[in-house]
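K.L.:
Here is how the chains run, residue by residue.
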Amino acid sequence: MDRQATKQAGIRAVELLAMPIALILLPMVLPGYLQANEVVIYAIAVLGSALLFGYTGLMSFGQGAFYGMGAYGCGWVGTALGGSLPEMLLAGAALGTLSALIVGYFSIRQRGVYFVMLTLAFAQLFYFLAYSFRGLTGGDNGMTDIPRPPLSIGNLRFLNLDSPAAFYTFCAILFLLAYLAVRRIVQSPFGTTLIAIRENENRARAIGNEVMLFKLAAFAFSGFLTGLAGALHASFLGIASLTGIDLDMSQTILAMTIIGGGTLGGSLAGPLFYIVLSSWLSTIWPRWPMLIGFILIAIGLYCPDGLWEGLRSALRKAMRMGGARHVSN
Amino acid sequence: MNLYLLQIMNGVGIGMLYFLIAVGLSVIFGLLRFVNFAHGAFFMMGAYLAYTVSVSFNWGFWAALLVVPPVTFLLAILLEQTLLRHAYHLPHTAQILLTFGLSMVLQELAIVIWGTDGLHMPTPGALAGVVQWGSFIYPKYRLFVTGFTAVLAALLWWLLEGTRLGSLVRAGSEYGDMMALLGYDTRKVFMYVFGLGVALAALSGALAAPLRGVEPFMGLTGLGIAFVVVVIGGMGSFPGALIGGLLVGILQSVLSSAWPEMAQPVIYICMAVILIARPHGLMGRG
Chain Y
1 MDRQATKQAG IRAVELLAMP IALILLPMVL PGYLQANEVV IYAIAVLGSA
51 LLFGYTGLMS FGQGAFYGMG AYGCGWVGTA LGGSLPEMLL AGAALGTLSA
101 LIVGYFSIRQ RGVYFVMLTL AFAQLFYFLA YSFRGLTGGD NGMTDIPRPP
151 LSIGNLRFLN LDSPAAFYTF CAILFLLAYL AVRRIVQSPF GTTLIAIREN
201 ENRARAIGNE VMLFKLAAFA FSGFLTGLAG ALHASFLGIA SLTGIDLDMS
251 QTILAMTIIG GGTLGGSLAG PLFYIVLSSW LSTIWPRWPM LIGFILIAIG
301 LYCPDGLWEG LRSALRKAMR MGGARHVSN
Chain Z
1 MNLYLLQIMN GVGIGMLYFL IAVGLSVIFG LLRFVNFAHG AFFMMGAYLA
51 YTVSVSFNWG FWAALLVVPP VTFLLAILLE QTLLRHAYHL PHTAQILLTF
101 GLSMVLQELA IVIWGTDGLH MPTPGALAGV VQWGSFIYPK YRLFVTGFTA
151 VLAALLWWLL EGTRLGSLVR AGSEYGDMMA LLGYDTRKVF MYVFGLGVAL
201 AALSGALAAP LRGVEPFMGL TGLGIAFVVV VIGGMGSFPG ALIGGLLVGI
251 LQSVLSSAWP EMAQPVIYIC MAVILIARPH GLMGRG
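Note that the protein sequences, when read in sequence, are chains Y and Z. Mapping of the first sequence onto the numbering used here: position 279 corresponds to residue 279, and the numbering continues sequentially without gaps. Mapping of the second sequence onto the numbering used here: position 6 corresponds to residue 6, and the numbering continues sequentially without gaps.
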């Protein structure tokens, strides 16, 4: 094996090991399993959002709708049908996929800022459906008593999820699987095409890609993961409510994605930063989301090509300046 | 029958308020290809300012109508000069981040000042009560809103079609670069149009306050509605914003008696249909 290949294999091993280590350390660093749970559940949703925003270049304000539909789907199967945990989660993921396909189908007809407006508007459709059909969703009060059954298939019981530690383990494994799946997706020819669409949509179309189908598929994957996250959250809290489907949720997921730089590794870092900041600040400054607003303004102004690109060029600049001083000394 | 007539009249009034929110967003987009995601926050700010002036200061509703537009106009120009003008050359995702961040900041600011609970804004005394024609009765305030916004829409139409500023705006949205080459200060035109658009959204908030109350999350709701209106009517089109606003308002009002669950969702379904049938909106070019 030549040197280059060894180095690449080394980098890949580090990349693959970093995530499990981070997931093991997470509950030790955070004050408890409850927060660690929030972080990994949001991280699954952010993975879905990063696939759309970071890799396909589609900024979607519809993520909250997929998340909320996932929560309601999980709730319906868990309470009315008495389904098992895998069934509840699959129902959530399926409804997330369906709502993402609907939002995606209409929104991808336009590009640029027009597209973003459409995702926001169609996300409101799902909010108002949930708000208006109280019989199904519980309206303002939400759906309560969503169970968290043990993980079992048929009569085989694998894991009791009552304790926060057990549920964290379960969610962390799901996140890791989702992370590996999305990693595989973005490294496949399919993912390369998504990146091509982000970089130059016209060219991607011109070389014969069915751009619309690729975008729709990206929405479907994104909706699946976001719906799964919503379902996990509903089972975790025991409730599914309007706060899970409103624009604030879309805004939260998108802000986490952007703070994570729209990258796969950032999918854990973004929610971690956001949740640690919120729990740290919410006691001393209840209006802390204002700070998130300022962070978004700053990223927009100073890192218009994304957070990592901005940090990288700032670092380059700093190193050049450091280098210059070195030379003058 | 009277019920539906009543709902259509309500719908026209609400639709005109939607038009006022959406028209600024639409005309600014026509000029700059810039979409201000903080536009809804100004709708909210208008409602809160009106509440403060008329209830907290006890100056009355008419003072609020006089104070809100100029104050928000100046605030908008200040923001445009210090912050937003740096965003015009940025990629659209950065513009959205910037303006959406601004919208979060304004929303939190409103909560810091006025709290999260909804506030009730009373109908002005002279417009309380109803008017009656035969068996038909209608609230005076709603009648006033319809009349006032109709006059305002006519004035705006004249401003865009009959004045020098209007011809600069229309020329700017067709051939912005050419105008700059001819020596017009397009930045100044942008600045005034931006201020005007924001002031109209704020005025809409002030007029809507006695009808719907005032709460910090009305900004996001207003933003969502404005997007639907411009998508239906066509981005960048003044008549489009008017027709879109009226259509959305009337649909919502009529369905709120016929099929209340669908009163809100239907406007998004209407938007979806228009996107398929006329991708550039009812009055859009393209």
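Hints may contain errors.
Some, not all, of what chain Z presents toward chain Y, calculated at C-beta under 8 Å [unchecked claim]:
| id | residue |
| --- | --- |
| 1 | M104 |
| 2 | I111 |
| 3 | I113 |
| 4 | G115 |
Quick caveat, the hints were computed from the structure, so don't treat them as lab data. No residue lacks a Cβ here, since even glycine has one placed at the ideal position from N, Cα and C.
K.L.:
Now tell me if each hint is right for this structure.
P.N.:
Hint by hint, here is what the structure shows:
| no. | hint | verdict |
| --- | --- | --- |
| 1 | M104 | holds (3 Å) |
| 2 | I111 | holds (6 Å) |
| 3 | I113 | violated (10 Å) |
| 4 | G115 | violated (11 Å) |
Hints 3, 4 from the list above are not met by this structure, while the remaining hints are.
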